[in-house]
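A.B. asks: Residues per chain, in single letters:
There are 2 protein chains.
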Amino acid sequence: MKLEKLVGERFKERPSECQIESHAIMVKGGYIKYVANGIYSSYMPLKRITRKIEQIIREEMDRIDGQEVQFPVCMPASLWEESGRYESIGNELLRFTDRTGTKMVLGMTHEEAAVQLVKEYANTYARYPFMIYQIQTKFRDEARPRAGLIRVREFTMKDAYSFHTSQEDLEEYYERCHKAYERIFARAGIPEAVSVKSDSGMMGGSVSHEFMLLTPVGEDSIAICRECGFSANMEAADNIIENGADAALEELKEVYTPDIHTIEEVCDFLKMDVKKSCKAVVYQKNADDSYVIVFLRGDIEVNEAKLRNYLKAEVHPGVITEDSGINPGYIGPLGLPDGITVVIDSSLKGATNLSCGANKEEYHCTGFNPERDLPENTEYVDVGKILEGGICPVCGKPSVGISRGIEVGNIFQLGTKYTKSMGMTYTDKNGEQQTPIMGCYGIGVGRLAASVCEVHHDDYGPIWPMSIAPWQIHLCGMRIDNPEVRAAADKLYEELLDKGVEVIYDDRDVSAGVMFSDADLLGVPLRAIVSPRNLKEDSVEISARDKSFSEKVKLSEAAGRIKELVEKELSACEAAAD
Amino acid sequence: MKLEKLVGERFKERPSECQIESHAIMVKGGYIKYVANGIYSSYMPLKRITRKIEQIIREEMDRIDGQEVQFPVCMPASLWEESGRYESIGNELLRFTDRTGTKMVLGMTHEEAAVQLVKEYANTYARYPFMIYQIQTKFRDEARPRAGLIRVREFTMKDAYSFHTSQEDLEEYYERCHKAYERIFARAGIPEAVSVKSDSGMMGGSVSHEFMLLTPVGEDSIAICRECGFSANMEAADNIIENGADAALEELKEVYTPDIHTIEEVCDFLKMDVKKSCKAVVYQKNADDSYVIVFLRGDIEVNEAKLRNYLKAEVHPGVITEDSGINPGYIGPLGLPDGITVVIDSSLKGATNLSCGANKEEYHCTGFNPERDLPENTEYVDVGKILEGGICPVCGKPSVGISRGIEVGNIFQLGTKYTKSMGMTYTDKNGEQQTPIMGCYGIGVGRLAASVCEVHHDDYGPIWPMSIAPWQIHLCGMRIDNPEVRAAADKLYEELLDKGVEVIYDDRDVSAGVMFSDADLLGVPLRAIVSPRNLKEDSVEISARDKSFSEKVKLSEAAGRIKELVEKELSACEAAAD
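If you read the sequences in order, they're chains A and B. Using my numbering, the first residue of the first sequence is number 183, and each one after it goes up by one. Using my numbering, the first residue of the second sequence is number 183, and each one after it goes up by one.
Treat the hints loosely; a few may be bogus.
If several chains are the same, the list does not tell them apart, and a pair holds so long as it fits within one copy or across any two.
To be verified - Calculated lysine-lysine pairs in the BS3-like style (CA-CA distance at most 30 Å, straight line):
#1 K750 - K681
#2 K229 - K194
#3 K745 - K681
#4 K542 - K579
#5 K458 - K285
I should point out that these hints are in silico values taken from the structure, not numbers from a laboratory. Quantities reported herein were computed from a predicted structural model and do not represent experimental measurements.
Please model the entire structure based on the sequences and the hints provided.
C.D. replies: As structure tokens, this is what we get:
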């Protein structure tokens with residue numbers, strides 16, 4: 183491929199609208215083009231990268247006995263009604279009607295389609311276990327697409343579904359898939375991706391893990407214990423709070439607190455530590471706008487994913503109307519109007535002598551002792567965010583750190599959520615009808631490419647690992663107007679093609695500056711320079727994009743040496759997976 | 183791959199709802215599963231076939247300097263509004279709104295997206311010509327999906343777009359692409375696909391060709407001259423009519439024709455040949471329901487595609503209301519009410535002494551002589567269907583035959599329809615702004631797979647060409663409960679895997695009947711049978727799915743011989759393209 187013919191614009195300036203580096207590089211380097219919010223077209227360099235990533239994924243899925251299939255992008259809503267998700271998922275599930283008025287959805291995940299595909303086939307235990315997967319376009323109508331390919335609305339995803347006759351069998355396969363994922367990320371150039379325990383969210387099921395690439399620009403927060411290495415998505419990390427009880431319990435009494443609304447104002451006014459307060463956060467259920475009020479210790483924030491999981495319902499921040507009977511600024515857990523769902527966070531367990539709202543204009547209470555003052559059967563639920571320095575749920579030490587990461591893959595033990603709701607059964611060895619158990623396993627292809635770029639770049643562009651690089655060698659014919667350079671560079675180009683090396687050849691009559699800045703933007707891991715100066719020594723200069731080495735080899739040996747270097751780097755990518 | 187583990191059901195009975203063989207085979211053999219009208223999931227065997235087809239297409243597109251890119255499935259309507267197609271295309275363009283209320287469409291073709299991708303890049307002549315292509319999911323909301331994968335709503339398509347600075351350059355590239363298509367079809371196993379001149383329809387542009395696989399089950403009609411080989415889609419075949427003029431022109435007069443409505447009744451009543459009548463066919467424009475009446479010689483039918491192209495508007499069969507002023511059964515070209523679009527077919531040119539309706543209840547006319555009686559500036563337009571035995575527009579002989587075929591690909595010279603409407607320009611050598619010229623080139627991947635199946639099958643299943651077969655060899659371990667068979671078959675399986683041969687291994691303890699009928703349904707071109715009888719002779723039986731040969735080879739040489747046969751057949755597929 184000649185660079186001159188490569189379709190796509192490369193820009194000198196960093197695009198101002200890009201907040202993260204991979205997004206800026208993809209726009210600047212002619213990898214993607216914006217089509218609509220969260221929707222991009224890909225130019226050839228990115229298409230070559232994603233095809234290589236897809237091939238790595240395919241090989242690793244095949245290695246764990248996966249069978250590649252294909253589900254539709256457009257599915258009848260009836261399929262999603264069977265599982266109950268047509269109702270339970272919000273606006274991110276794009277619903278539409280076809281020309282006949284039939285309700286349809288755009289696939290954002292394919293559990294329903296997977297069950298539909300194998301439901302009749304897998305009607306006897308002898309056919310288990312098995313795994314099917316696809317690499318296909320998905321659409322998720324995200325409210326806030328961001329960061330280039332990191333969070334888009336349309337994306338290519340590998341999604342896999344396994345079916346089992348026992349939880350043990352699922353767990354065994356889950357472990358195999360976990361290893362396959364480690365191999366995929368290692369082969370794609372990010373062996374540093376870590377798996378963290380996660381919340382299953384709308385997928386259902388119990389155990390699940392996310393593979394996280396730690397980077398400050400990630401949109402996910404992860405709790406990692408500095409002592410024992412435990413890691414979990416914030417949503418899945420238990421927030422352990424130890425409240426030292428006071429010696430004496432104060433009496434509950436009302437205090438006049440004029441014009442005092444926020445938790446900080448209350449604590450200031452009462453001269454109490456914020457940990458000695460009980461704060462209220464108001465939500466409404468999406469389904470019926472009914473109120474949900476969460477009470478937590480003053481220094482703890484609500485983790486909304488935990489809250490949603492507990493309620494098994496979607497919520498949004500509440501808007502307090504006049505006829506709600508709620509006194510904004512003075513909300514407390516005692517004496518609230520009927521019809522409100524009250525959630526007491528576990529951070530209040532064992533806490534003593536707190537301040538809280540009195541549910542009365544301009545009044546707060548002091549001496550609130552939850553375990554004394556709340557009903558005996560009160561359930562304390564963990565809906566709080568774990569904090570930096572929090573207590574590790576595994577080793578018990580106060581050594582939790584909060585890092586940020588990009589989720590590059592996830593694996594779920596789904597249980598029987600889909601098979602049960604969709605009526606899938608099999609006959610077991612004893613002739614009894616049983617419900618199969620599922621697992622599902624996803625990797626976003628474009629996001630993975632962007633994530634690699636995020637951790638492998640310098641100020642001038644990406645540094646692609648050999649295994650997924652758009653080309654293997656970037657050949658520069660410097661001062662191509664010089665007939666000797668032209669002849670030598672053309673010859674090397676042909677030799678490389680003959681050897682099956684993927685080469686991008688820059689034979690434009692442009693300055694070294696333009697040539698190198700374009701090469702930096704394409705991020706090909708190896709570079710070969712044919713120039714008048716090198717030719718004087720009958721040599722070609724071969725260097726690494728990451729500047730780790732540079733060498734001169736004889737012109738006649740250049741193609742062979744390049745082939746050798748390419749294979750060495752490819753082997754290194756493979757070896758990283760073992 | 184062990185057959186026992188292959189996900190998908192195979193059926194003994196032919197599914198009753200299937201009208202064509204490829205559809206029946208795909209359902210019966212566990213290739214596809216119905217999800218919704220015109221929407222299917224694919225099991226592994228079909229996925230393997232389509233991936234091989236995609237790879238053949240990719241190689242041939244790369245060979246003519248194509249650059250693989252990717253456009254979105256979901257596009258903003260604004261892009262289609264720019265080209266005017268958001269309005270002009272009917273219900274087959276699926277329109278929907280996203281969560282923000284933005285109007286979107288599902289891509290059924292990507293001319294707009296292609297222009298959007300390269301508009302800024304290709305702003306100077308030096309960047310031309312170039313071609314970009316993608317292999318991507320498309321959705322076309324067909325009113326009547328049919329015949330399994332032949333006419334679906336969701337499908338995978340390779341669509342390519344080329345950009346040029348002159349018509350000559352487009353034509354040269356068009357010819358290269360034509361050759362690439364011939365190579366693709368030959369490599370995929372249907373070298374018999376023929377290219378026919380076609381109508382460009384909603385794509386715009388002038389010259390275009392369809393690649394047709396001739397088969398009686400095809401839904402397209404093609405005119406092929408038995409003398410000179412000229413071929414064209416019916417919509418693109420000129421309908422040449424030679425009317426021998428009568429010696430004397432009769433007087434135009436009204437005749438009382440009580441209770442006579444159809445053209446046959448009129449001709450019977452007047453004792454005239456149907457060729458001596460002028461018939462009327464009534465349409466309405468979709469846009470405003472205004473009437474369009476086509477007049478043709480009594481024996482000629484309207485080709486609606488020709489009519490639509492002439493009118494540059496969609497039409498539907500007319501419903502004649504009482505207040506329309508039209509007299510159904512008595513419609514003639516003279517004295518029609520105002521406001522009706524009248525189209526005179528070229529079959530009336532030179533015709534003499536015809537009968538026609540008198541636009542008056544119970545009256546017809548005789549002695550209608552179009553060139554005498556119609557206004558002098560009357561335009562005679564070819565909107566008639568060519569007939570079996572019609573006159574060839576190239577050699578002039580009455581030797582046109584009508585065949586049926588499946589369209590497996592198409593190529594279009596688009597001209598400037600999209601670049602102009604979307605404001606794409608480039609600076610030419612003289613610094614002047616010019617509009618680039620486009621070509622576009624499509625192949626439906628699933629339809630191609632079904633078409634190959636349609637022409638390569640027997641009563642028991644498909645006979646896949648080696649180049650696209652799901653596996654290369656089907657290994658049967660017959661009487662696998664015999665330990666010697668088990669050992670020999672397992673060993674051969676491992677040897678084949680080691681040699682990189684794609685093998686599907688049936689090691690089930692089932693009867694020969696079940697084993698062979700499953701093998702027939704999978705249609706793998708080569709079969710190897712390890713059985714007690716063969717083992718007695720220390721041999722393996724290797725045979726072709728198409729029964730063209732069968733041989734016994736020594737067990738120790740079997741893997742090598744199979745590898746050799748596979749390579750031979752692969753080479754033959756390649757050679758067919760040269």
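A.B. asks: If a hint holds in the structure, say so; if it does not, say that too.
C.D. replies: Hints, verified against the model:
no.	hint	result
1	K750 - K681	both (15 Å within a copy, 24 Å between copies)
2	K229 - K194	within (22 Å within a copy, 42 Å between copies)
3	K745 - K681	both (7 Å within a copy, 24 Å between copies)
4	K542 - K579	neither (41 Å within a copy, 100 Å between copies)
5	K458 - K285	neither (53 Å within a copy, 52 Å between copies)
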